[in-house]
Amino acid sequence: MEQNTAKTEYPKVVDDALLARIAAGDREAFHFLYQAIAQNIYGFSLSITKNPHDAEDVVQETLLAVYRHAHTYRGQGKPMAWIFTIARNFSLKHLQLSRRVDSLDGLQDLEGDGLSRISAVEQRMVLQAVLRTLSEQEQQIVMLHAVHGMKNREISEILHIPLNTVLSKYHRALKKLRKQMEGAHYDE
Amino acid sequence: MMNDLEKDLNTALKQMLPDDMPERLDWKLDLLNAEPLDVPQAPVKAPPRKSIFYVLSSLAACLVLMIGLAGGHYYLNNLAVDTVVDIDVNPSIEISTNSHDRVLAATPINEDAKLILDGIDLKNVDLNVAVNAVIGSMVRNGYLTPGQDNSILVSIRNNSAEKARSVRNLVLTDLSSSLSNNQVRAAVLNQTVKTGSQAKAFAKSNHISIGKAVLVLNLAGKDSSLDPEELASMSLKELAALVREKHLDISDIVNYDADDSIWENLSEAVDGVNENDNALNQGLITAAAAKKLALDHAGIAPQNATFIKAALDEEDGNLVYEVEFISGNIEYEYNIHAATGQIVDMDTDSLHTGSRPFPQSDDEDDDDDNDDDDDEKKSQRSEASRKSTKSTKHDDDGEDEDD
Numbered sequence: 001m002e003q004n005t006a007k008t009e010y011p012k013v014v015d016d017a018l019l020a021r022i023a024a025g026d027r028e029a030f031h032f033l034y035q036a037i038a039q040n041i042y043g044f045s046l047s048i049t050k051n052p053h054d055a056e057d058v059v060q061e062t063l064l065a066v067y068r069h070a071h072t073y074r075g076q077g078k079p080m081a082w083i084f085t086i087a088r089n090f091s092l093k094h095l096q097l098s099r100r101v102d103s104l105d106g107l108q109d110l111e112g113d114g115l116s117r118i119s120a121v122e123q124r125m126v127l128q129a130v131l132r133t134l135s136e137q138e139q140q141i142v143m144l145h146a147v148h149g150m151k152n153r154e155i156s157e158i159l160h161i162p163l164n165t166v167l168s169k170y171h172r173a174l175k176k177l178r179k180q181m182e183g184a185h186y187d188e
Numbered sequence: 001m002m003n004d005l006e007k008d009l010n011t012a013l014k015q016m017l018p019d020d021m022p023e024r025l026d027w028k029l030d031l032l033n034a035e036p037l038d039v040p041q042a043p044v045k046a047p048p049r050k051s052i053f054y055v056l057s058s059l060a061a062c063l064v065l066m067i068g069l070a071g072g073h074y075y076l077n078n079l080a081v082d083t084v085v086d087i088d089v090n091p092s093i094e095i096s097t098n099s100h101d102r103v104l105a106a107t108p109i110n111e112d113a114k115l116i117l118d119g120i121d122l123k124n125v126d127l128n129v130a131v132n133a134v135i136g137s138m139v140r141n142g143y144l145t146p147g148q149d150n151s152i153l154v155s156i157r158n159n160s161a162e163k164a165r166s167v168r169n170l171v172l173t174d175l176s177s178s179l180s181n182n183q184v185r186a187a188v189l190n191q192t193v194k195t196g197s198q199a200k201a202f203a204k205s206n207h208i209s210i211g212k213a214v215l216v217l218n219l220a221g222k223d224s225s226l227d228p229e230e231l232a233s234m235s236l237k238e239l240a241a242l243v244r245e246k247h248l249d250i251s252d253i254v255n256y257d258a259d260d261s262i263w264e265n266l267s268e269a270v271d272g273v274n275e276n277d278n279a280l281n282q283g284l285i286t287a288a289a290a291k292k293l294a295l296d297h298a299g300i301a302p303q304n305a306t307f308i309k310a311a312l313d314e315e316d317g318n319l320v321y322e323v324e325f326i327s328g329n330i331e332y333e334y335n336i337h338a339a340t341g342q343i344v345d346m347d348t349d350s351l352h353t354g355s356r357p358f359p360q361s362d363d364e365d366d367d368d369d370n371d372d373d374d375d376e377k378k379s380q381r382s383e384a385s386r387k388s389t390k391s392t393k394h395d396d397d398g399e400d401e402d403d
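These protein sequence lines map, in sequence, to chains W and S. Quick note: the first sequence uses the numbering used here, first residue 1, plus one each step. Quick note: the second sequence uses the numbering used here, first residue 1, plus one each step.
It is worth saying that the hints were derived from the structure and are not from the lab. Certain hints may be false.
Below, in silico cross-link-like pairs of lysine to any residue (SDA-like), each with a Cα-Cα straight-line distance of 25 Å or less [to be verified]:
| no. | chain 1 | residue 1 | chain 2 | residue 2 |
| --- | --- | --- | --- | --- |
| 1 | S | 7 | W | 180 |
| 2 | W | 50 | S | 303 |
| 3 | S | 14 | W | 180 |
| 4 | S | 28 | W | 16 |
| 5 | S | 14 | W | 92 |
| 6 | S | 14 | W | 124 |
For reference, chain W alone in the conformation it holds in the complex:
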């Protein structure tokens, strides 16, 4: 329905038009979505599940769910809130599953060689600092904030916390991170 306005334009942002294209089965739009936010879904899920395998699964499940259910999206300009709420649901589901007796999930140790895929030392340090020094909620705020184009208002909706709290917690988290990263090249 909104296809007419969207089809000539190459997607640059994750917006309602992009979701409309995905709903129409447009793979190019879907690939753009992957490139734009897969890593953020991963980081967000990691802060909840604490497990790289689960986070990987959540990325896949979330994006497939978005593809399959984009036609039901009625977000009025808040596609991120919709997508990340789905990601949150999947993450919580994985969290429940990982508490089973004898479960394999949760076996993977992130602190060990889990982060070895990241080649640059500084980038690895940032992720490590996020996971080690921030509370779960701070982690989620930072991970969501790192999504290009995500608004604080959307973060507040996804996490069910007031806008003011998002802002203050975000700034406090950044301060903590900068302190932790002192010596690296980050300046105020």
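On the provided structure of chain W, position chain S as indicated by the hints.
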């Protein structure tokens, strides 16, 4: 807009994602597109491929034999057990495979299983062929009945989570096409299990597969009235009936996939979101969020509260959530502003004496949630309560709570 820190974070996260993720997604989308959306039972694989697999697998078996005769290391390498797949209906069958998902042995664990495997040689066939043969034999021998609700447990044992998951997906796909070829409807429970499972001894003494032992022990952990040995003697169908009858929530101990494995789960997660859509669209908090705010304010852990109500209502022109729950002997009533999440009003009632024992009555309208330290304590508290309750479901989203 984005600072250096966030850019680095994004780059780091990008590298954590497997390189082949886009291809994997594409592959799944192809499957999805090939599958009619409204028919959940459609087999994922086209049946003719089976016969090709038969030819390939027998060819492969010959090859393995030839190389083995030549005394190559390849053969030895392929003899090592990599993954064990337990299939439980009432017959309990253990299929061990090598790293190439080829069957090394199919072992009957109980008497029923001996009947199923009688006259079937599954050695060296591909796992999907074995799954197909086992299901076929179970149908022929009356353990799976077309036109009835059946129940199957599939347990994948491998110490690598990644490998266990990939074998699980393979088996579930094969199982679903095999079931649908045989016109059998079945709820398929599935789980991945470590090889050095604690359940080993219990499995052995009760003549059930390790996979079933894990399920049974987990189930017994849910409800103290359940005797694990008794559960062990029940068929999967009986277990499923028991779970239904006792209204046990088993979603945290086993993956429960009726008919179609992946897509049902997807719908479930998205339905939860769409239920909240109305609230989200109007810029309101969800009922689950309102419940959480009330619990946090009262300082009560979710597992200690029984909810009576959490519904939107209009009061003085404002939309509020009326949240009512009981904890201990006390009934709590909250009105929470649906747009801001502020606690507009609250009241407590002792269920016995009618007095008001709520300890923080001077603190009622103090919760503006802007106080960081306060929030921190709250999130720690709810985190702690979540960790302390292994079997109690802590559900932030509250889709399936008792309101």
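Discussion item. Flag every earlier hint the structure violates by its number, smallest first.
Written reply: none
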